[in-house]
Amino acid sequence: MPAQDIRELRIVGFLCNWCSYGGADTAGVGRFTQPTDLRIIRVPCSGRIDPLFIVRSLLNGADGVLVSGCHPRDCHYAEGNFYARRRLELLKRFLPVTGIDARRFEYTWVSASEGQRWQHVVTEFTHRIHELGPAPSFNPMSEVDWNALALQAAQGQGCPCHG
Amino acid sequence: MSQLDDLKSAIKDRLGELECVIGWEQGYDALHATPLFIRTEADLDRLVIGPLAVHNLATYLTAYKGKKIGVVVKGCDSRSVIELVNENLVNRDDIVVFGLCCDGVVSQPKIRAALPADPGFVESVTIGTDELKITVAGQTVTLKKSDVLADKCRVCQHPNAIIADVLIGTKQNPAGANSLACQEEFEAKSDAEKLAFWQETMSRCIRCYACRNACPMCVCRDYCIATSRDPLWLSQDNSPAENMMFQMVHVSHLAGRCTECGECERACPVDIPLMLLRRYMNKQVKDVFEHQAGTALDQTPPLFTFKVEEERIHERGW
Numbered sequence: 000m001p002a003q004d005i006r007e008l009r010i011v012g013f014l015c016n017w018c019s020y021g022g023a024d025t026a027g028v029g030r031f032t033q034p035t036d037l038r039i040i041r042v043p044c045s046g047r048i049d050p051l052f053i054v055r056s057l058l059n060g061a062d063g064v065l066v067s068g069c070h071p072r073d074c075h076y077a078e079g080n081f082y083a084r085r086r087l088e089l090l091k092r093f094l095p096v097t098g099i100d101a102r103r104f105e106y107t108w109v110s111a112s113e114g115q116r117w118q119h120v121v122t123e124f125t126h127r128i129h130e131l132g133p134a135p136s137f138n139p140m141s142e143v144d145w146n147a148l149a150l151q152a153a154q155g156q157g158c159p160c161h162g
Numbered sequence: 000m001s002q003l004d005d006l007k008s009a010i011k012d013r014l015g016e017l018e019c020v021i022g023w024e025q026g027y028d029a030l031h032a033t034p035l036f037i038r039t040e041a042d043l044d045r046l047v048i049g050p051l052a053v054h055n056l057a058t059y060l061t062a063y064k065g066k067k068i069g070v071v072v073k074g075c076d077s078r079s080v081i082e083l084v085n086e087n088l089v090n091r092d093d094i095v096v097f098g099l100c101c102d103g104v105v106s107q108p109k110i111r112a113a114l115p116a117d118p119g120f121v122e123s124v125t126i127g128t129d130e131l132k133i134t135v136a137g138q139t140v141t142l143k144k145s146d147v148l149a150d151k152c153r154v155c156q157h158p159n160a161i162i163a164d165v166l167i168g169t170k171q172n173p174a175g176a177n178s179l180a181c182q183e184e185f186e187a188k189s190d191a192e193k194l195a196f197w198q199e200t201m202s203r204c205i206r207c208y209a210c211r212n213a214c215p216m217c218v219c220r221d222y223c224i225a226t227s228r229d230p231l232w233l234s235q236d237n238s239p240a241e242n243m244m245f246q247m248v249h250v251s252h253l254a255g256r257c258t259e260c261g262e263c264e265r266a267c268p269v270d271i272p273l274m275l276l277r278r279y280m281n282k283q284v285k286d287v288f289e290h291q292a293g294t295a296l297d298q299t300p301p302l303f304t305f306k307v308e309e310e311r312i313h314e315r316g317w
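Listed in order, the protein sequences are those of chains W and H. Sequential numbering from 0 applies to the first sequence in numbering that gives the first Met the number 0. Sequential numbering from 0 applies to the second sequence in numbering that gives the first Met the number 0.
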């Protein structure tokens, strides 16, 4: 089996160190099966997550972004996720005007003991992204670009990404 | 003209105690105004106000922090002053606000579109109550003011300066409409249509940062993350995605702070409708936090604070 399944999509997860990252770990220790499309980035706190991290990921070609932190009132730093909640909610509501499908971004709260909930969140979100399919690129290739690439491939030079 | 005379005498009274007073004067031709920095009484003769005085002069306030200066503001500009004061970016005691009661300013792109040919150098403009008479190359064209009014003025809820040490003119009524047809039309489009729109529009962007520099709330100046190398938020690549990313930086840094003065869109040399993004964000802020930036003193921007129980944020079912 190839290391990278061609049907996999790129989902970026920003997880807080204290709850959701622990929750994902619990899910792993408990051997709960879950889709493998998610690439996890561990951050100290959901309050560390600048909404621009999410926008940057989406514009750079991520098919989905999942943010998860401690449940409100359970923040390790007392109030980080309260700020995060406001920022993330605003981003979620703002995305539609940019033409990026707001369903490609989700935020939620998972605690370190909620391995099963983590499994549920990842599975649901991955299914949703698979239903939406690969995200349209913000920098579309023109027909000229595609033709040049096809010509290059026909001449046996391969494409730039695979040599 | 009495409004202008009142303003001049009000400025003359306070000029002695101030470093300068920021107003407007005629620009390179009769159709354009430009900011005027009044330091002496002689400068006062060049002062103009009216529908051509489009600039939001609150943009200059942070550059003068620590000095006592005066500023002439329209209703919309006064919101920027309030927001700057609320965020401690300027000291209220250091500024003298000359507030105007404004009956709307023009949109230069709309004038350009309404004139038969590219105006080039405009010789004279006569401003009536409902119309503008513009003389170009010996020909006079009459435009209805309502046709060339800036978008923000069509939905203006604060025509009179909210904060003012001296309020000049007779109070105007707020506009009846509270939403713009162009905004509603755009929001009704599908995601794919909006994406195609921004791809096309952002490919025009030359990343001159005029929108940022004209913005009264963009106060980072030399420390803007858009131009920092470390961290490198934006590459020099001038692709639609990078240009869009810059707009996202601007919008997100102004979330809950934007006073909708429209300076970004006005400053844009390639006429990108940036206010579509700003107005949409402000609508969300109003929906979630019941907050409108710069409408009252002693407000805290919603993202600077939080509530333990948010009435209007409901976790989505998982």
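Simulated from the structure, these hints should not be mistaken for laboratory data. Heads up, some of the hints might be wrong.
Below 27 Å or equal to it, Euclidean Cα-Cα: the simulated BS3-like pairs (lysine-lysine) are [as the list claims (entries may be wrong)]:
(1) H:Lys11 <-> H:Lys144
(2) H:Lys285 <-> H:Lys193
(3) H:Lys188 <-> H:Lys285
(4) H:Lys67 <-> H:Lys7
(5) H:Lys144 <-> H:Lys170
(6) H:Lys144 <-> W:Lys91
(7) W:Lys91 <-> H:Lys188
(8) H:Lys132 <-> H:Lys109
(9) H:Lys132 <-> H:Lys170
(10) H:Lys109 <-> W:Lys91
(11) H:Lys11 <-> H:Lys67
(12) H:Lys170 <-> W:Lys91
(13) H:Lys143 <-> H:Lys132
(14) H:Lys7 <-> H:Lys193
(15) H:Lys306 <-> W:Lys91
Bear in mind the structure is a predicted one, so any value in this text is a computation, not a measurement.
*Going through the earlier hints one by one, which of them does the structure break, listed in rising order?*
1, 6, 10, 12, 14
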